[in-house]
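In case you want the letters, here they are:
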Amino acid sequence: MTTKDVIVLADLLGTNKKIAADIRTELERRGILAVNLLSSPGAGKTTLLEQIAVRLRDTARMAVIEGDIETERDAERIRAKGVPAWQITTGGACHLEAKMIARILPEVPPESEYLFIENVGNLVCPASYELGESLRFVLLSTPEGDDKPKKYPKAFTTSDVLVLTKADLLPYLPFDLAKVQAEALELNPRLRIFVTSAVTGQGLDELLAFLTAARRDLAARHA
Amino acid sequence: MHELSIVASLFETLDEQAQEHGAKRIAGVTLKIGRLSGVVPELLASAFDMYKKGTIAEEATLTVEVVPLRVRCRACGEERHVESYVFLCAACTSPDLEILEGTEMILERVELEAD
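As given, the protein sequences belong to chains V and D, one line each in that order.
The numbering of the first sequence is our numbering, which starts it at 1 and goes up by one.
The numbering of the second sequence is our numbering, which starts it at 1 and goes up by one.
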């Protein structure tokens, strides 16, 4: 019997990264800003998307891909706002992968300016999978507690934007806003932070202005 | 728990390697896993043991080398390990750090057996 030692040096996520790179190229060429939303279950990803739909007014400008383990519920909520939405049910898998997005891409209407991808509610696994997004958002809701960034570092170090949600509950919770912002910036000094509430509307106009500027920059780069 | 889907893509690469080199069995697999890769080495090892049954790597031993997180400061050139996930240069406090290693998930080496 002969044995042979082979040096491989293959990235275990190489296939996903390659598909993600192709998606990013395709979307940017079409002038579509793709945003991958990460959070634990119940942090308010779907609610944030509903609020963005209301503020964009012309809802033909956005499209949404919803990732969940089961049910069509989130896509139905988004469609109720007049926004085209596709539901991916992973049937148990804890994250979305780029190949799932690639299948839907041809159906995304050409007039779209934004494609929001709501990942499966989970602060761990989705952080390892690029989906071809231009921006990654991580959401953290105030009831989850202010200790989360350091406990789930990968989600925060790989994101561009931190959206703190349910800020209207701050008076009732032992949530140290300054501490969470400082710790998130230690993990990722480039992180943009928005403090928001879907109930009072706090921070949402600022977030929308940020998205609009990012979309304009992308369109200008690929004009 | 996405370790199982990472192991599934690992086995695709293992099959390719075995075919390319005409191997009948895989005796050993070595992975390099960064501390900030997002996977847990112990869970990866359990997923590997679960997955390998009935494959060419059924008898393979898995070695996981954990790679610490190392950064270089673009402002002052200081290189060091990051222990507490504070991404500010310990020498000059600049936030402009380049991650040198510690986020990777790599199949480094396979030990192949022919007849």
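Do not rely on the hints blindly, as some may be mistaken.
Said to hold, decoys possible - For lysine to aspartate or glutamate, the following EDC-like pairs were computed, each having C-alpha atoms within a straight-line distance of at most 20 Å:
#, chain 1, residue 1, chain 2, residue 2
1, V, Lys4, D, Glu113
2, D, Lys24, V, Asp5
3, V, Lys4, D, Glu59
4, V, Lys17, V, Asp160
5, D, Lys32, D, Glu78
6, V, Lys179, V, Asp160
7, V, Lys17, D, Glu113
8, D, Lys52, D, Glu16
9, V, Lys17, V, Asp5
10, V, Lys4, D, Glu58
11, V, Lys81, V, Asp5
12, V, Lys17, D, Glu59
13, V, Lys18, D, Glu59
14, V, Lys81, V, Glu50
15, V, Lys151, D, Glu83
16, D, Lys53, D, Glu104
17, V, Lys17, D, Glu16
18, V, Lys150, D, Glu83
19, V, Lys99, D, Glu111
20, V, Lys4, D, Glu108
21, V, Lys17, D, Glu58
22, D, Lys32, V, Asp205
23, V, Lys17, D, Glu12
24, V, Lys18, D, Glu12
25, V, Lys151, V, Asp176
26, V, Lys4, D, Glu42
27, V, Lys151, D, Glu108
28, V, Lys4, D, Glu101
29, D, Lys32, V, Asp5
30, V, Lys179, V, Glu144
31, V, Lys4, D, Glu20
32, V, Lys18, D, Glu113
Treat the hints as calculated values from the structure; they're not laboratory data.
Treat the numbers as computed from the prediction; the structure is a model and nothing was measured.
Hint-by-hint comparison with the structure:
Among the hinted pairs, Lys4/V with Glu113/D is consistent with the structure: their alpha-carbon atoms are about 6 Å apart, no more than 20 Å. Pair hint Lys24/D plus Asp5/V holds up; C-alpha atoms about 14 Å apart against a cutoff of 20 Å. In summary, the hint linking Lys4/V to Glu59/D is supported, as the alpha carbons are separated by about 16 Å, within the 20 Å threshold. The straight-line distance between the Cα atoms of Lys17/V and Asp160/V is roughly 18 Å, inside the 20 Å bound, and the hint therefore holds.
Between Lys32/D and Glu78/D the alpha-carbon distance is near 24 Å, which puts this suggested pair outside the 20 Å criterion. A threshold of 20 Å between alpha carbons decides the hint, and for Lys179/V with Asp160/V the separation of about 19 Å falls inside it, so the pair holds. Taking the CA atoms of Lys17/V and Glu113/D, the gap is near 30 Å; set against the 20 Å cutoff, the hint is violated. A hinted pair counts as satisfied when its Cα atoms are at most 20 Å apart, and Lys52/D with Glu16/D qualifies at roughly 15 Å.
Restraint check: the Cα-Cα separation between Lys17/V and Asp5/V comes to about 27 Å, which exceeds 20 Å; the hinted pair is violated. At roughly 17 Å between alpha-carbon atoms, Lys4/V and Glu58/D fall within 20 Å of each other, so this suggested pair holds. Of the supplied pair hints, the one linking Lys81/V and Asp5/V is violated, its CA atoms being roughly 58 Å apart against a limit of 20 Å. With a CA separation close to 30 Å, the supplied pair Lys17/V and Glu59/D exceeds the 20 Å bound.
A C-alpha spacing of about 31 Å is found between Lys18/V and Glu59/D, which places the hinted pair above 20 Å, so the restraint is violated. Between Lys81/V and Glu50/V the CA atoms are separated by roughly 7 Å; this keeps the pair inside 20 Å, and the hint holds. Between the alpha carbons of Lys151/V and Glu83/D the distance comes to roughly 14 Å, so the proposed pair stays at or under 20 Å and holds. At roughly 26 Å between alpha-carbon atoms, Lys53/D and Glu104/D are farther apart than 20 Å, so this suggested pair is violated.
At most 20 Å may separate the alpha-carbon atoms for a hinted pair to count; Lys17/V and Glu16/D meet this at roughly 19 Å. For the hint linking Lys150/V to Glu83/D, the alpha-carbon distance of about 12 Å falls within 20 Å, and the restraint holds. For the suggested pair Lys99/V and Glu111/D, the alpha carbons sit about 30 Å apart, so the restraint of at most 20 Å is broken. For the hint pairing Lys4/V with Glu108/D, the CA-to-CA distance comes to about 14 Å; that is within 20 Å, so the pair holds.
For the proposed pair Lys17/V and Glu58/D, the alpha carbon gap of about 28 Å is over 20 Å, so the pair is violated. Distance restraint check for Lys32/D and Asp205/V: the Cα-Cα separation of roughly 44 Å exceeds the 20 Å cut-off, and the hinted pair is therefore not satisfied. Taken as a hint, the Lys17/V and Glu12/D pair is honoured in the structure, with Cα atoms around 15 Å apart against an allowance of 20 Å. About 15 Å separates the Cα atoms of Lys18/V and Glu12/D, which keeps this hinted pair within 20 Å; it holds.
At roughly 16 Å between alpha-carbon atoms, Lys151/V and Asp176/V fall within 20 Å of each other, so this suggested pair holds. A threshold of 20 Å between alpha carbons decides the hint, and for Lys4/V with Glu42/D the separation of about 27 Å lies outside it, so the pair is violated. Restraint check: the Cα-Cα separation between Lys151/V and Glu108/D comes to about 29 Å, which exceeds 20 Å; the hinted pair is violated. Taking the CA atoms of Lys4/V and Glu101/D, the gap is near 28 Å; set against the 20 Å cutoff, the hint is violated.
About 16 Å separates the Cα atoms of Lys32/D and Asp5/V, which keeps this hinted pair within 20 Å; it holds. Straight-line distance between C-alpha atoms of Lys179/V and Glu144/V comes to about 14 Å, which keeps the hinted pair within the 20 Å bound. Proximity of Lys4/V to Glu20/D is assessed by CA-CA distance (about 12 Å); at most 20 Å being required, the pair is judged to hold. Restraint check: the Cα-Cα separation between Lys18/V and Glu113/D comes to about 30 Å, which exceeds 20 Å; the hinted pair is violated.
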